[in-house]
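Asks: Produce the complete structure using the sequences and hints provided.
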Amino acid sequence: MINENLPKIWYGGDYNPEQWEDPAVWEDDVRMFKLAGIDIATLNVFSWALNQPNENTYNFEWLDETINRLYENGIYTCLATSTAAHPAWMAKKYPDVLRVDFYGRKRKFGARHNSCPNSPTYRKYSERMAHKLAERYKDHPAVLIWHVSNEYGGYCYCEQCEEAFREWLRNRYGTLEAVNKAWNTRFWGHTFYDWSEIVAPNDLSEERPGDVSFFQGISLDYRRFMSDSLLDCYQLEYDAIRKHDSETAITTNLMGTFLDLDYFKWAKQLDVVSWDNYPRIDTPISRTAMNHDLMRGLKSGQPFMLMEQTPSQQNWQAYNSLKRPGVMRLWSYQAVARGADTVMFFQLRRSVGATEKYHGAVIEHVGHEHTRVFQETAKVGKELQQLADQLVDARVEAKVGIVFDWENRWAINLSSGPSVALDYVAEVHKYYDAFYQQNIQVDMIGVDGDLSKYDIVVAPVLYMVKEGYANRLEEFVANGGTFVTTFFSGLVNENDLVTLGGYPGELRSLLGIWAEEIDALHPDKKNKIVTNDSTGSLSGEYTCNLLFDLIHSEGAEVIAEYGEDFYQGMPVVTKNQYGSGQAWYLASSPDQAFLNDFVTTICEEKGIRSLLKAGPGVEVSERVKNGKSYLFVMNHNDHDSTFDLGEERKENLFSGDVISGKVTIEAKDVVILRNEHLGDL
Amino acid sequence: MINENLPKIWYGGDYNPEQWEDPAVWEDDVRMFKLAGIDIATLNVFSWALNQPNENTYNFEWLDETINRLYENGIYTCLATSTAAHPAWMAKKYPDVLRVDFYGRKRKFGARHNSCPNSPTYRKYSERMAHKLAERYKDHPAVLIWHVSNEYGGYCYCEQCEEAFREWLRNRYGTLEAVNKAWNTRFWGHTFYDWSEIVAPNDLSEERPGDVSFFQGISLDYRRFMSDSLLDCYQLEYDAIRKHDSETAITTNLMGTFLDLDYFKWAKQLDVVSWDNYPRIDTPISRTAMNHDLMRGLKSGQPFMLMEQTPSQQNWQAYNSLKRPGVMRLWSYQAVARGADTVMFFQLRRSVGATEKYHGAVIEHVGHEHTRVFQETAKVGKELQQLADQLVDARVEAKVGIVFDWENRWAINLSSGPSVALDYVAEVHKYYDAFYQQNIQVDMIGVDGDLSKYDIVVAPVLYMVKEGYANRLEEFVANGGTFVTTFFSGLVNENDLVTLGGYPGELRSLLGIWAEEIDALHPDKKNKIVTNDSTGSLSGEYTCNLLFDLIHSEGAEVIAEYGEDFYQGMPVVTKNQYGSGQAWYLASSPDQAFLNDFVTTICEEKGIRSLLKAGPGVEVSERVKNGKSYLFVMNHNDHDSTFDLGEERKENLFSGDVISGKVTIEAKDVVILRNEHLGDL
Amino acid sequence: MINENLPKIWYGGDYNPEQWEDPAVWEDDVRMFKLAGIDIATLNVFSWALNQPNENTYNFEWLDETINRLYENGIYTCLATSTAAHPAWMAKKYPDVLRVDFYGRKRKFGARHNSCPNSPTYRKYSERMAHKLAERYKDHPAVLIWHVSNEYGGYCYCEQCEEAFREWLRNRYGTLEAVNKAWNTRFWGHTFYDWSEIVAPNDLSEERPGDVSFFQGISLDYRRFMSDSLLDCYQLEYDAIRKHDSETAITTNLMGTFLDLDYFKWAKQLDVVSWDNYPRIDTPISRTAMNHDLMRGLKSGQPFMLMEQTPSQQNWQAYNSLKRPGVMRLWSYQAVARGADTVMFFQLRRSVGATEKYHGAVIEHVGHEHTRVFQETAKVGKELQQLADQLVDARVEAKVGIVFDWENRWAINLSSGPSVALDYVAEVHKYYDAFYQQNIQVDMIGVDGDLSKYDIVVAPVLYMVKEGYANRLEEFVANGGTFVTTFFSGLVNENDLVTLGGYPGELRSLLGIWAEEIDALHPDKKNKIVTNDSTGSLSGEYTCNLLFDLIHSEGAEVIAEYGEDFYQGMPVVTKNQYGSGQAWYLASSPDQAFLNDFVTTICEEKGIRSLLKAGPGVEVSERVKNGKSYLFVMNHNDHDSTFDLGEERKENLFSGDVISGKVTIEAKDVVILRNEHLGDL
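Protein chains in written order, with my numbering: chain F, 1 to 681; chain E, 1 to 681; chain S, 1 to 681.
Hints are supplied without guarantee of correctness; some may be wrong.
To be verified - Listed next, with one range per pair, are the computed distances between beta-carbon atoms:
(1) E/Lys93 x S/Asn56: 42 to 48 Å
(2) E/Asn56 x S/Lys243: 49 to 55 Å
(3) E/Asn171 x F/Asn59: 28 to 34 Å
(4) S/Asn56 x E/Tyr193: 51 to 57 Å
(5) S/Glu27 x F/Asp448: 57 to 63 Å
(6) E/Asn56 x S/Arg208: 30 to 36 Å
(7) S/Glu167 x E/Asp260: 38 to 44 Å
(8) F/Trp316 x E/Asp260: 24 to 30 Å
(9) S/Glu27 x F/Gly210: 38 to 44 Å
Said to hold, decoys possible - Partial list, derived from the structure: chain E residues whose beta carbon lies under 10 Å from chain S:
(10) Phe46
(11) His86
(12) Ile281
(13) Ile285
(14) Ser312
(15) Arg350
(16) His368
FYI, nobody ran anything at the bench for these hints, they're computed from the structure. Don't be surprised by glycine CBs; every beta carbon is placed ideally from N, CA and C.
Replies: Right, dumping it as C-alpha cells:
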C-alpha cells in the first residue's frame, strides 16, 4: 500500500491554487472536491519561481496554507518538488541551467523540462529545494507521497554534458582503448586518442533527427548516459528527501513507452511507479492496456499510480476530442484493473491562461459542478469511496511474459538498415494485442526480469542480447518454458557489436536455426505464410511483411514456409524442442490473423486460458487479493455486449448483486465481479 | 482622390531602369509605355545601394533623369524610398542591421526585407534616406505619391529587439506585475522578477515553427510588438517625408491577409492603402474578392491602390501558370470594381538576371510590343483612358459587414488546442463566399469599425473579444441589427486570458446560450445539421465538421440540432432575440450548402438583395459616385453567360450602348454598366 | 588499360583488415578471396587516424603487411590515401578542418567526408599523407592504382571558404564591377562595393534548403567554386603522388549523377574514371545504364572502373532489399557491357560494428563461404578469369550523343520559376530511356564534347548555353547532324543572365522558332500532342505536361500542335532544316509513347538501328575491340526471353557455343556474344 493513511483507491489530481488570487476560488474548489469524492491533490509541481523568487529567498507560506486548507477538508497531498522548470531569474543569472539542443543551439529561457541535467546550478538548487521541502513537510500528516520534478525527459548536448559523458564512459569502460573497441572506431577512422576528443553525438556531429546515427556505439551510450544523468537529478532529490523523511514513498511520473529514458532502470529508484496516461480518441485500447501492464511490470507487478489523465479533453493533440460519456470512467477502471491504486487527473481546475488552458479539468472554466464532466467525475469518486480498500494492493497474475527493453529499442532505432519501417514498440504491441484480444493476462517484463514464473515468454525483435541473457532464456526453455522470438533477433551484444558466426547469434542453438540473409521490402509488399497444419489451429491463410529472414533449420521443426518470392519454400515459422520446452522463431512480421491463431496454439499447449470469453471490444482483467478475485469486465463498444459467466456466481461490486450465467453489459460500462480466487497467489 | 494631377484610374507599375545601362532601352521603354497607355511608374524600390554607395555619399542623378524623362513623356512617378533592402556595405559595417531569425541565428547579408526593425543603424539611415528624397523631390510635379519601403514583414529576435520589447511591454503594462498577470506566468513557474529576464519568444525559447507557442501571452505580445516595430520604421520615414512635403499621399504596399502585421492598425498611418495581388491559377476568385474588400475596409471604404499584380506569370509559385487570355483584364477590373483606383503591375520590364527574371512584365525579355501580354496590357490601358475620371473615388456600399481581426487570428493560431485544422482566414472566407455567390456586397471590417451602418454583422470565430466590443455588439443588435458568430467565440480577452463563468464569455447574454464543451474531431469526420424548418429556406440536408460546441440554449431559439454522435439533439444553430435584433450562433463549421441557405435567410429578413441575379462564376460588384451606379459584371467562366437586366436601362461604358433585358457576356469578359443610382450615398 | 600487370576485368573491392585484430581472420580472408576469384583489394580508405595517430607520428606497418600478404597470394592493391575522414585529434587541435554547414553551424567531429576543403590544416596534412604513401609504395608491384580520398562531396560555408571564394571570383571576373554585372546585383540593390562584402550563399544569406536561391548568380558561382575547391584538394594529393610515381593511374570514386560536383571538369584530372553504383530495387534499369554511360562519357569513351557495388544489400536505403539471385551478376555485366573494366565491391568483409555493419559483403558476418551471396560472387569471379583480357579496354560505339551538363543542371535547380516539378536529370533520362528501350547505343556527352562523331545529338532542357556552344551546334547541324532540344532551352548564358531578344536565345535561328511564353501547370495537368502524321511513325495519341512553351515557327516545320487549352493549335513539335541537317524542338515534356515513336523517327532518318531486337526488359549493349564485337544480352525479366540472331553466327563466351537464329535467355541471365565487328573503329 502506498500510504496507509488513505487505504482506498486515491482520487484527485494536479491542483494549482497559486494561479488564483481570490480566496473565494479556493473555498469553492474545496466544496467541489468534496462533491466529487476527491481525496488527494498534487501540489507544487511548477512553483519553483514562486517558492524561490531569487537565489536566497524561499517562500512556502502559500504551500503551508494550501496543504492545511485541503487537509482540514479531508484532502491529502501528493507533494511535488517544483523542479521541473527552473525560474527565469536562474536562467538569466546562471545560463549553465539552459540546455544545448540537438541542433547544437544554446537555448534561452522558455517552456519546461528545460534544465541541463549536468548543470551544477540546477543540481545544487533542485537538491536544495527538495531538502527544504522535506525538512518543512516531513511530518505533515497530509503528505502521502513525494512527487519529484515532473515527466523527466529531453536530452542536453552542452559542454558540461560532454565532460560528464567522458567521465561516464571512463566509469563504464575504464580505458579509452575499451571505448574504441566497444564502438568499433576503426570504422571510418574514428579512433580516439584522448578523452577530450569525444564530443556529444547530435546534429553537429554523429546524428541526424529521427534517431539517425553515423556511429551507433556513441549514440547508444549517449542515450544511456542521458537517461542516467536525468536519473541522477532525480536521485539527488530523492536522497535529500530521505534524509528528512525515511518513510513516505517517493515517485516521479513516467510516461508509458516514452523513448528517452530506460524506465526499468529508473523504476529501481522509485518507491512506487506512477505514470501519465493520455491516449488519443483513435489510440487502440490494447495499446493503453499494454502501457498499464508495462508500468506495472517496471516494479515486477507492484501496483502503480495513475498520476495523470484528463477528465475529458487534451490540448496538445492534433484534434482534441472529448472523452465520450462513460469513457473517462471506463478508462479509469481499465487502469485499476491492470494494477493502478490511484485514479488522478491533470487537472482539478483549468488554468485561465497559457498553454494548457484548453486541457480538460474537473472544474472547467465555467466554474461550477453542473457539467457533464464534473458529474461523471463525481460518479467515479463515489464508487471509489464505496470500493474502499478491497482492491488496494491487489495483484495481477500472468503466465505470459512479454519482454520490453529500452536499450534494445534504442539500438534498433539507431540501426542503419535494414528497414526504416521497423518499429520496435509496434512489433511488441502486435504480440501483446494477440493475447489481449483473447483476454489472456500478460506481464510486460524487462530483460532482468524473473522468467521462472512464466509458462510463455515472448521477446519480439530481441535485436540486442545482453550478457548472460541467452543463457537465462535457454534455462527457461530447458525447464519447460515456451519462448517466442522473431526476425532481427540475436544480432548484437550490449555495444551493438554483431555476434559473429551466423544470426541469430547467441540464440542460434536455442532456436535451432541459422538466418543467412535478411530481406527488407516496402511494408506494402507482402509474402505468404504457408503452414502444413491444414486442420489445426494454424490452418489459415496468412501474410507477413517488413523483414524476411532467410533461415535454415538446424534442428528446428518447420511450421510454416514462405509462399512467394525467391525464398518460397524456406522456413518462416519454426519451433525448436530444447530440453523440456520449445523455442519459436517467426522470421517475418505476420498479420494479426496469424498472431491470433499462433497465440491460441501456444496457449493451448500450456493450458493457459482466457479470463473470460467475451465479445470483441470487451476487455477483461483480473486483480487478486487475499484469496479473492476481482474480475473487471469493460465494454469499450458503443453497444451492449453479453458474456456468459456459466454457473459460477460472482458479486457485482457496484450493484451488490450476485450473478451468474449470461450477463449483459451496457456500452462503455464496466463491472467488477468478485468471487473466491482459486489461483496460487 | 489620391492625387488630382492624374484624375483617372492610374495605370503602370514597378520600373527599374537602373538595371539597364543602355539609354536605348530607356527610350524604347517610354515608347512602349505610351503604346500601353501607361501613365505611372513606381521607381526606386530597391535602389538603396545605388543611391548611397557608402555611409556619406548619396547619388540621385540617375533618379532625377529617370523621373524627368518619364515626366516629359507624360508618365508620373510613384516614388519609393528604396529602404526595403539594406546595402551590402551597411551589413558589413553595421551588423546590427542584420536580423536574428526565428531559429536564433544571426543572419548575414542576403535577400530583401532583411533589416532588424529596431536596428539603430537601419532606423537612422532609412529615415535619412526618406528625408533626402523628400527634400529633393518634394516639389517635383511628376511625383504623385510616396511609396515607403516595400512589403513590410518578417520578424527579428535579436538582443536589440528584446530590449525594445521590454520597453514596449513597460509602455503597455506599466509594471512587471501586470505583465506576469497578463501572461498568467504562474503557470509553469514562469514568473518574471526583472524585466531583463524576458527574452524573445522563438524556437530557442517559447515557440516552435508554425505558430506553436508554449506561452501564448508572450507570443501574442511579440507579434503586436513586431508589427508595431515595423510600423515605427514606416512612421519614421513617413514623418521625414512630411517634414518636407505636407500634401502628397504616402503609402506602403500591403499584402492582403498577410499574417505578420496588424493592417488595421497600420492603415491608420497610411494616407491611402495599396496592396499587391498575386493569386494562383487555383485561388478561388472569391478569395481575391475578399482580399480587395479587406483592403478597402482597412480605411473604412476609402478607395485603394492595386500597387502590384503580374501581367501574366509569377515566378515564386510552385507552378507559375500564365494568366489565360483576358484574365489579366478581368482581374484588373475586379480590383477596380471592389474599390481600386489604380491598376499597377510588377513589373514594366523584366530583369535580365536574378530571382525575378521569370516574373511576368509588360515588356518581356523579347523586348518588343508584339506579344500577347503586351497587347492585352495596351487594351486595358486604352480602356482606362476612355473611362477617364468617372470611377475615381467612387465608393462601394454594403449593408453586410464581416469582421476580420489580426490579433484574434494570431491568438487562434497560437492556441494549444482544440484543433490544428482550425484556420481563421478559411472560416472567414467561407462566410464571405456565401455572400459573394449571391452577389451581395460586403464590407470587411475591423473590430473598431462602425457597426451602425450595417444591417448584418458576421464575426466568424470571434475568439478574442476586446474590451468594450461585446457592448458594442449588444448595442448593434439591440438597435435591430443581425449578428452572426460561431463556435470558438467569446473565449478570451485581449491577453488571451479566458473569460470565466461559461463560454462564450462576454457574448453569452447576447447569444442566449452556454457552450459547455467543445469537441474537436478530424475534419473528415462530419456531423449532421438537422433543422426543423422543413419547408423554409433552411430545409436542406447539411453537414458540419471541425469543432462542435456542445451548447445549451439560455433563451435562444434552437434553429437546428446535431444529428449524430452523443450530442445528437443538442443545438447547433441558435437565434436569440435581443432588443430589436437577433444574434445567431453556429456551433460548428457548416458546409457551403448550409451557408448559402443561411445567407439567404438572414438577408431576406433584412431585405438585402443581390446586386444582380447572374449565373455561377459571374461576379457582380458596384461602385457609386455622384449619384451614379457603376455595375461591374465579370464573367470568370470559360464560356458565355447570360443575365437579365429586366426593364432597367443601363449604359455599357465600353461600348456606349444602352441596354436592358437579357444580356450575354463572353467568357472572361467584363462590362461596366452605368445608371442612375437610387441608393442613399 | 588501367594497369598492364593485371590484364583482365579486375575483381575485388574495399577491404578493411585493420578492423580485425585476429590474424586468423586475415588468413581466412585470403583463403576465401581465392575461392571467389578476387584479385584486387582497395585498402586504406578510412585509416587516417590509424596511419597518423598524432601530428608527427606516422604508422604504415599494418599497411605494409596487408599489401604484402595479399600480394603474396596473388591479390593486387588499389591504394587509397585515407583522407576522406580526418582524425578526431585533428578536429580537436585544428578546428579549421571542421566545416560550417548550410545552416551556418560550425560542425563538430563526426561522420565522414567532413573536412573543409579550404582548411589549411586539411590541405597540409592530406597532401602530406599522399606524399608519404606515394614515397613508400611507389615501387610496390602490388599497387595497380591510386584511389584518392573517397566520394568527394558536400559544401562548406566557413570564413576561410568565404575568403577563398572572393579570391576565386577575383580570378574568374577580374573586377568587382564584373561580378556585379554577372550577378545583376542592381536587382534588389545587392551591389557590392568591396570584395569583403560578399558572403557565402547559404541558409543565413541567399539560399534555402532544396536549391532555393534568392540570387542565382552567387549561388551558381558558389557551386562552381565548391566543386573546384574539392577538386583542388584532389589535385594536391594527385600532384603529391605524381612527384614520386609518374606512371600508376590515379583516380577517385565518383557517384553517377551526384549533384555537388561538375564531374566533366573533374574527369580531366582523373587518369581513369571510377564510380560507385548503388541502385535501389525499384531504380529503373535504364537509369543505371545511363549512369554507366555518363561515367564512360566523362572521359570521352575511355573505359571506367566500377569501384563499388554491393554484393547484395545496402544499409542506407529506406528498405534494403536483397539483390535477387543472379541480379548481382547481371548488374556486374551491365557495367562491363557499358564500359567498365573492373567489377568491385564495397565490401569484402562486413564490419562487426558501426554504420555499415548491415551493408552487404562478399564475406558476411557468418564468416564462411557457404552463403548464396558468396557462391554468386565466386561464379562471377570464375567467369571473369575465363574472359581473361579479351574485353579489357574494349570500346562502346554510339552515333547518338545525349548532352548532360552539371552547370546547366545547377542553374535549372536554382531558377525561381517556372515550375518546381522540373527535374533536369529526369528529363534527360526520359530521352535516354527512349533510346535504351530500342537498344540503341548512346553516349552521354558534356558541352565541350566532340559533336562531329554523332549523327544525332539530344540536349534536353539546354537552359544554359555557354559561350560558343550555339555556334558549335549550328555547325553540327549544318554539316548534316540531327539536333534535338526542348522547352526551357537557350534562355541564359553562363552567368544565368537571360539572352534577350526572344527565347530560345542563341538557339533561335538554329531551331527556327520563337518561344513567346512558357506556361507551367501542375504535372497532373496534361495537354495533347496532335501530329499531322496520321500514317507515319508519329501517328499515335500523345500527351505532354510540365512546361508548355508557346512557340511561333520562324521557318521550322510544325510537326505537331497542342490539342488543348488556349494555345491549342500552336506548335508543340517543330523541325527546322538548317544546312544539311535538322533541328528539332519539343516545346513540352512528352509522354514515353511519343518519345519512343520520336526516337524511331529520327533514328530511321539517320539509318541508326537497334543493336538487336529483343523483347522488353532485355538490355543489349556492345563493346568493340580489335575488330571484334562483344554483344551483351541481359535479361532483366523474371522470366525467360527469346531473341533472334538471324543468320549471323556468334560465339557465346561463357559456353563456348557458336549460335544463331532464335536464342532463349533465362531470367536474370546474361550472355556475351562475340563475332567479327563490321564497324569503323
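Asks: Confirm or reject each hint.
Replies: Evaluation of the provided hints:
1. E/Lys93 x S/Asn56: 42 to 48 Å: holds (43 Å)
2. E/Asn56 x S/Lys243: 49 to 55 Å: holds (54 Å)
3. E/Asn171 x F/Asn59: 28 to 34 Å: Holds - the Cβ-Cβ distance for E/Asn171 and F/Asn59, about 30 Å, lies within 28 to 34 Å.
4. S/Asn56 x E/Tyr193: 51 to 57 Å: holds (55 Å)
5. S/Glu27 x F/Asp448: 57 to 63 Å: violated (40 Å)
6. E/Asn56 x S/Arg208: 30 to 36 Å: holds (35 Å)
7. S/Glu167 x E/Asp260: 38 to 44 Å: holds (40 Å)
8. F/Trp316 x E/Asp260: 24 to 30 Å: holds (25 Å)
9. S/Glu27 x F/Gly210: 38 to 44 Å: holds (41 Å)
10. Phe46: holds (4 Å)
11. His86: Because about 8 Å separates E/His86 from the closest Cβ in chain S, which is inside the 10 Å limit, the hint holds.
12. Ile281: OK, holds: E/Ile281 within 10 Å of chain S, min 8 Å.
13. Ile285: violated (18 Å)
14. Ser312: holds (7 Å)
15. Arg350: For E/Arg350, the interface hint holds, since the closest Cβ of chain S sits about 8 Å away, which is under 10 Å.
16. His368: holds (9 Å)
The structure shown violates the earlier hints numbered 5 and 13.
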